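Novice: Here are the chains, one letter per residue:
Protein chains: 2
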Amino acid sequence: MGEKDFSDRALVGDDSLSFVPLAAFQAIRGGITDPIARAEVLADLCRINTLFMIMQAGSGHIGSSFSSTDIITWLWTEVLNDPNGDSADADVYFSSKGHDAPALYSLLLALEKLDFGLLPKLRQLNGLPGHPDVSTPFIATNTGSLGMGISKAYGMARANRYTGRGGRIVVMTGDGELQEGQIWESLQPVANEQLSEITVIVDHNKFQSDTAVAAVSDLGDLEAKFRIFGWEVRRGDGHDFQVLRDALSHFDTVHDKPKVLIADTIKGKGVSFMHGIACGDQTYHFHAGAPSLDNYLKATRELIARVNDRLESLGRPGVALESAPLPTRLAPKNPEKIVLAYGDELLAMARNRKEIVVMDADLLSDCGIEAFKAELPERFIECGIAEQHMVSAAGGMALGGMLPVVHSFACFLSTRANEHIYNNATEKRRIIYTATLAGLVPAGPGHSHQSVRDISAIGAVPGLVAFEPCSEREARLAIRWAVEENPESTYLRFVNVPLDLPYTMPADYRLQVGRGVTLRQGSDVAIIGYGTMLLTNACKAADELAAQGISAAVIDLPWLNRIDDQWVKTLGGYKQIVTLDNHYLEYGQGVMIAAALARTGIRAEVSPIGLAEIPACGANADVLAYHGLDAAGIARAVTARAVVRR
Amino acid sequence: MGEKDFSDRALVGDDSLSFVPLAAFQAIRGGITDPIARAEVLADLCRINTLFMIMQAGSGHIGSSFSSTDIITWLWTEVLNDPNGDSADADVYFSSKGHDAPALYSLLLALEKLDFGLLPKLRQLNGLPGHPDVSTPFIATNTGSLGMGISKAYGMARANRYTGRGGRIVVMTGDGELQEGQIWESLQPVANEQLSEITVIVDHNKFQSDTAVAAVSDLGDLEAKFRIFGWEVRRGDGHDFQVLRDALSHFDTVHDKPKVLIADTIKGKGVSFMHGIACGDQTYHFHAGAPSLDNYLKATRELIARVNDRLESLGRPGVALESAPLPTRLAPKNPEKIVLAYGDELLAMARNRKEIVVMDADLLSDCGIEAFKAELPERFIECGIAEQHMVSAAGGMALGGMLPVVHSFACFLSTRANEHIYNNATEKRRIIYTATLAGLVPAGPGHSHQSVRDISAIGAVPGLVAFEPCSEREARLAIRWAVEENPESTYLRFVNVPLDLPYTMPADYRLQVGRGVTLRQGSDVAIIGYGTMLLTNACKAADELAAQGISAAVIDLPWLNRIDDQWVKTLGGYKQIVTLDNHYLEYGQGVMIAAALARTGIRAEVSPIGLAEIPACGANADVLAYHGLDAAGIARAVTARAVVRR
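Residue numbers (the numbering used here), protein chains in the order written: chain G, 1 to 646; chain Y, 647 to 1292.
With the rest of the complex left out, here is chain G:
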């Protein structure tokens, strides 16, 4: 990490990443006396490091981090008392939206609240989690799923009143996040209890995941809404430090109400070409994911140039960035894109079936339905971040004769709308739930997004068949089966990580409820699992085992809560059966298989492999290895209990 010459202030290397070293922050913190001038410079320097972290990680939310950076910089440097500290009157700050974590980390590093060595460790094992987690110093609560923050603040405030602690509690929310019913569920109790120690700041950047908030589900008159729920309201430019100062000072004079600042911000603020200017439903391109190298370099040059111009006008020396090599990433060569294949097959059927309606909860592009929206916009319903509403609305649709296909991430769909899925099931109309981003990987976002509990969460819903495809072909078969054959409802579970698959489905493969298919022959051990990630690693494990003289079959059982006892009996020839779960061991597919073996009297050594603890955050390969779900881990588990030979 050599130092760079920034005599040319705009200079940023074109083959490496650049970051602001700690010494530069120390110089600014100690050297600029005007708080607003200081915060302006700190905020932009933090933006440079936020970009650096996201480039290092390969993913992260730029737009939301940048829109909130000025606010948190002001809060943590000028407003909060011993923020998230141990003193009896320490203020508490946390972000309810949570995906602006890179901005907060960047600031905490600059303020020496976090070890600066963590700078390149965003979304790395034992580093800084993709969404906030209390295991990180100065992180007050776990967020990442939306809408919980004000309720948490309510609990903290009431706990403080019991324990005699003082301090304000400041919660950042998104604006798309305000579509979540829990926000409104929490506003009234906080007001009724007159919890004036709570301040909410809405980072109102006008964009949510896919597009403009107004295009998804317009929020209406936010000021009036908060006011009618009993809150003290201020509104102003969230990038104007004077506005922030005035609003927060005003709030300190109000003692009978909770307070909310609706901060008008710009998504991607600080880098001109990343600014989101909401207009229609065009897609915002810097919501999640690392930018291209070109865009990264352009952004960093703009930021450092502005900082150094400011410093020059203050009569101070410029900041010299330091550099670090670009991380290299292995990309799959010819990966299967099962989510896109699913979306393509769904669209093909929908052209002829007028009853199909696609519903989405603001995760369009991750659910493979962009093409559907483009071609059949009249049968595409964007519900916004409102999973409960979406699922109950799907129930109403189904009663009205339509076939709704409902989309979100598995972690949200299966849990946020859990009762609603059950309520629909009791009406016995057909609904298809498509749950993407299932399982341990991608492991960068952290446990709020790693859905490793959804088989359990929805597995007992009557009349809901859960299925996870392991290839583009099986994904197409699955949605076709769900639409054309299944008389009940269907929960389709997808891993989103593109993988080169070391197996192909048999040419004559067709779906039969509760029955598996052998992807790789073997005679000693049967390794049974589902989905691309597990079965890819199982096949690689079988290669390793073969080298040790153990013949392992790999069997795809895509049915997650249905099992055919006659098929189970075909497993009778194996002395050892290994079940794989991309899920907690508790109430995953493995227990269903084991129960079927017990019920049918098949005698085999049964070894379950799956998650036994909260999933780690990090690079996919590291996290799979950590949890023993990579090829080596699977092979190791087989040999550890090998019946045939050791």
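I should point out that these hints are in silico values taken from the structure, not numbers from a laboratory. Predicted, not measured: the structure shown is a model, and the values here were computed from it. Treat the hints with caution; some may be incorrect.
What the hints assert, rightly or not - Selected chain G positions facing chain Y (Cβ under 7 Å, derived; list incomplete):
(1) Asn142
(2) Ser145
(3) Asn160
(4) Gly181
(5) Gln194
(6) Asp221
(7) Thr426
(8) Asn496
Claimed, not checked - Straight-line C-alpha distance at most 25 Å; calculated BS3-like pairs for lysine-lysine:
(9) G:Lys337 with G:Lys373
(10) G:Lys121 with G:Lys298
(11) G:Lys575 with Y:Lys1221
(12) Y:Lys1186 with Y:Lys983
(13) Y:Lys1221 with G:Lys569
(14) G:Lys540 with G:Lys337
(15) G:Lys575 with Y:Lys1215
(16) G:Lys113 with Y:Lys1074
(17) Y:Lys979 with Y:Lys1186
(18) Y:Lys944 with Y:Lys983
(19) G:Lys354 with G:Lys428
(20) Y:Lys767 with G:Lys428
(21) G:Lys333 with G:Lys540
(22) Y:Lys1000 with Y:Lys944
(23) Y:Lys1000 with Y:Lys1019
(24) Y:Lys759 with G:Lys428
(25) G:Lys337 with G:Lys298
(26) Y:Lys1074 with G:Lys121
A virtual CB, placed ideally from N, CA and C, is assigned to each residue, including glycine.
Use these hints to put chain Y onto chain G, whose structure you have.
Specialist: Positioned in the frame of chain G, the structure of chain Y alone reads:
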């Protein structure tokens, strides 16, 4: 069912139930020409039959049924076009709160939409379910869990626009129900889509389950709230038919917005001593459950006297009620009240442990915590019908150093706040979740309340130990273990039905994680289950089996998602093992036991007993027999697969 002489109009027999016969309704419907006069009489006659139904059933919601009776009578007789019918422009009506079902049934019977023979079949097998279900004619959607109705209406309206159907969609909500975040989640999308075909009527009777809405979580200015969410608002007396007529006529002139009528009503309206006049947080006594016979007779006399006075003033003959015998019910002689025992033990610990805070979601009296509230009101937090908020607030409490003990029915707590329980778990602070009304019985409320899916729904939450006690003693041990010993969080699952228990725990019994306790010795078969209902029936089944020469042990395994493999090995002596689930077979305790048997290599014939379909509604004994979970069903299942002898 002999006819009574009603020359004395107030005469109601004092040893039987009375109902309005169909002929009386026919006479009124055909004979009174003024719509308001007709509706007034019909409504009060329906109230008489509602009371009759609730007395027949032994349970049901009087207060909420009576507050909505005038509104639905007006809607179904004067406003709705072919309500819930098959025509292309049929209007749709349903109640989102759902627990006013007896009122709607009563009206549908009076209007000959339902077979009058169903009158005495409320909450009976193959009768009229405790909460609405689409299997009943003219019931549009399944409700009973709160807050879903407006979302369902949104789906129905959009489906109608696709299919070309017309018709209004009228949704009744409660007022306590407006505490649910989903209501607010759904209001904006309905307004944004300008779904003017949707009309919501808030039955604003000022009371929720436990007490006054204002005392639980005040709703603030409801009119302004709906207006700011984009709705056309009217407010008026929900018992004044002229007001109803004017408001609904006005709504027909509004074509760019959804509409809401905030109907000021009186809980228990129609029977003077049942009227709820909200004042402080006193308990309303006619929310759920059948009244005493005295109160029943008094209420019916008041209603029939008023009806006959009205009829007399209209120059019409009075209505003669018919009578039916009082149903007899077998009450347990000396039942264990495990929920009260739990609450008592919790209170005893809380006296010395200042960190214990009790939180409730408007189900105080069903959760055994009335005494806690009375003695330690400062550590009792009533959250209202806001499970998401409650659970996230508990997370904030736990982070703030408190030990929250969170209460609701199992069906709501495990599913409505499913993601929130998980989010809390990832913070690794201790929280106790107490979930009552678990399992198949009481079977009267119907599947929205029969929680037979919660083991699956929360079983895989890491660091959350699920436990169901089978006696007062085990309930006390459980909460004490959760507070004093368990380093993790706890989910306590309770059956609420009081039962005479045919077993006692061994004198030296203490809890050991994942290990069962033998309640009854036996050598051929081991029947393993949990909770009062299963183990009571298992012991009775063991008696039946003994008579057939089969020696059955009954084992209590109260741990629902933890099992000790060393303990499992102690089952090796049984040739047959029967697992019982007061839960769906999928992902219930049975699969965990079977998986443990497979994993530990115990060879036995394993027979799982549990629910294979959506639970039926009816009297407890009938429903248990229907699902094969009564003693006879368990014995039958054992002998059907008996290894020892047949």
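Novice: All hints, please: hold or fail.
Specialist: Hints, verified against the model:
Proximity of Asn142 of chain G to chain Y holds as hinted, the smallest CB-CB distance being about 5 Å (cut-off 7 Å). Interface restraint check for Ser145 of chain G: the shortest CB-CB distance to chain Y comes to about 6 Å, inside 7 Å, so the restraint holds. For the restraint placing Asn160 of chain G at the interface with chain Y, the shortest Cβ-Cβ distance is roughly 6 Å, inside the 7 Å limit, so the hint holds. A cut of 7 Å between beta carbons decides the hint on Gly181 of chain G: the least distance to chain Y is about 3 Å, and the hint holds.
Interface hint status for Gln194 of chain G: violated, as the beta-carbon distance to the closest one in chain Y is roughly 12 Å, over 7 Å. Taking 7 Å as the C-beta contact cut-off toward chain Y, the hint placing Asp221 of chain G at the interface holds, the least distance being around 6 Å. With a cut of 7 Å, the hint placing Thr426 of chain G at the interface with chain Y holds, because the nearest CB-to-CB distance is about 5 Å. At a threshold of 7 Å, the smallest CB-CB gap from Asn496 of chain G to chain Y is about 19 Å, leaving the interface hint violated.
Taking the CA atoms of Lys337 of chain G and Lys373 of chain G, the gap is near 19 Å; set against the 25 Å cutoff, the hint holds. Restraint check for Lys121 of chain G and Lys298 of chain G: the C-alpha separation of about 23 Å stays at or below 25 Å, so the hint holds. At most 25 Å may separate the alpha-carbon atoms for a hinted pair to count; Lys575 of chain G and Lys1221 of chain Y meet this at roughly 22 Å. A hinted pair counts as satisfied when its Cα atoms are at most 25 Å apart, and Lys1186 of chain Y with Lys983 of chain Y qualifies at roughly 20 Å.
Straight-line distance between C-alpha atoms of Lys1221 of chain Y and Lys569 of chain G comes to about 20 Å, which keeps the hinted pair within the 25 Å bound. Pair hint Lys540 of chain G plus Lys337 of chain G holds up; C-alpha atoms about 20 Å apart against a cutoff of 25 Å. Taking the CA atoms of Lys575 of chain G and Lys1215 of chain Y, the gap is near 20 Å; set against the 25 Å cutoff, the hint holds. Taking the CA atoms of Lys113 of chain G and Lys1074 of chain Y, the gap is near 22 Å; set against the 25 Å cutoff, the hint holds.
Straight-line distance between C-alpha atoms of Lys979 of chain Y and Lys1186 of chain Y comes to about 16 Å, which keeps the hinted pair within the 25 Å bound. Distance hint between Lys944 of chain Y and Lys983 of chain Y is unfulfilled; the C-alpha atoms sit about 31 Å from each other, more than 25 Å. With a CA separation close to 20 Å, the supplied pair Lys354 of chain G and Lys428 of chain G stays within the 25 Å bound. Taken as a hint, the Lys767 of chain Y and Lys428 of chain G pair is honoured in the structure, with Cα atoms around 23 Å apart against an allowance of 25 Å.
The suggested pairing of Lys333 of chain G with Lys540 of chain G holds, with an alpha-carbon distance near 16 Å, which does not exceed 25 Å. Distance hint between Lys1000 of chain Y and Lys944 of chain Y is unfulfilled; the C-alpha atoms sit about 47 Å from each other, more than 25 Å. The straight-line distance between the Cα atoms of Lys1000 of chain Y and Lys1019 of chain Y is roughly 14 Å, inside the 25 Å bound, and the hint therefore holds. A distance of roughly 22 Å separates the Cα atoms of Lys759 of chain Y and Lys428 of chain G; the hinted pair therefore holds under the 25 Å criterion.
Pair hint Lys337 of chain G plus Lys298 of chain G does not hold up; C-alpha atoms about 31 Å apart against a cutoff of 25 Å. Simply put, Lys1074 of chain Y and Lys121 of chain G have alpha-carbon atoms about 23 Å apart, close enough for the 25 Å limit, and the pair holds.
Hints 5, 8, 18, 22, 25 from the list above are not met by this structure, while the remaining hints are.
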